[in-house]
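*Asks:* Sequence:
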Amino acid sequence: MSAAAFAAKVPATTERIVNAEEMGRQGLRIVSWLAGTAIAVPMLAGYFALGATVLVGQSLLDAARRTRSWLPSPGRGEREQKPPVPKAA
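Position 10 of the sequence shown, counting from 1, maps to 394 under the working numbering, and the rest follow consecutively.
Worth double-checking, as some hints may not be accurate.
Per label pair, the in silico range of CB-to-CB distance [stated by the list, open to error]:
1. Arg450 <-> Ile423: 40 to 46 Å
2. Ser443 <-> Leu418: 34 to 40 Å
3. Gly411 <-> Asp446: 50 to 56 Å
Derived by calculation from the structure, the hints in this document are not laboratory data.
For clarity, every value in this text was computed on a predicted model and none was experimentally measured.
The beta carbon of each residue, even a glycine, is placed where N, CA and C say it ideally should be.
Make a model of the complete structure from these sequences and hints.
*Replies:* This is the structure in structure tokens:
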């Protein structure tokens, strides 16, 4: 193998290595992006679910408070009308 032939092959080999490294970096970027997306999507879904649960819970508590204020208390009227009965000792 002559020196000229060797010199002609070296740039091509070096160029192939650089292209392989760039492809490797690009693959790493894609994998990193996919991993970040795979982590972010469930986290966001969890935050939205938690927020929806809090809003529904507050609405239910508010509705229960309003309903309770409309209903008469079941034991107040009887206690106020009847005197307490003394127990035998």
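*Asks:* Now, for every hint given, state plainly whether the structure supports it.
*Replies:* Evaluation of the provided hints:
| no. | hint | in the structure |
| --- | --- | --- |
| 1 | Arg450 <-> Ile423: 40 to 46 Å | holds, 41 Å |
| 2 | Ser443 <-> Leu418: 34 to 40 Å | holds, 38 Å |
| 3 | Gly411 <-> Asp446: 50 to 56 Å | holds, 53 Å |
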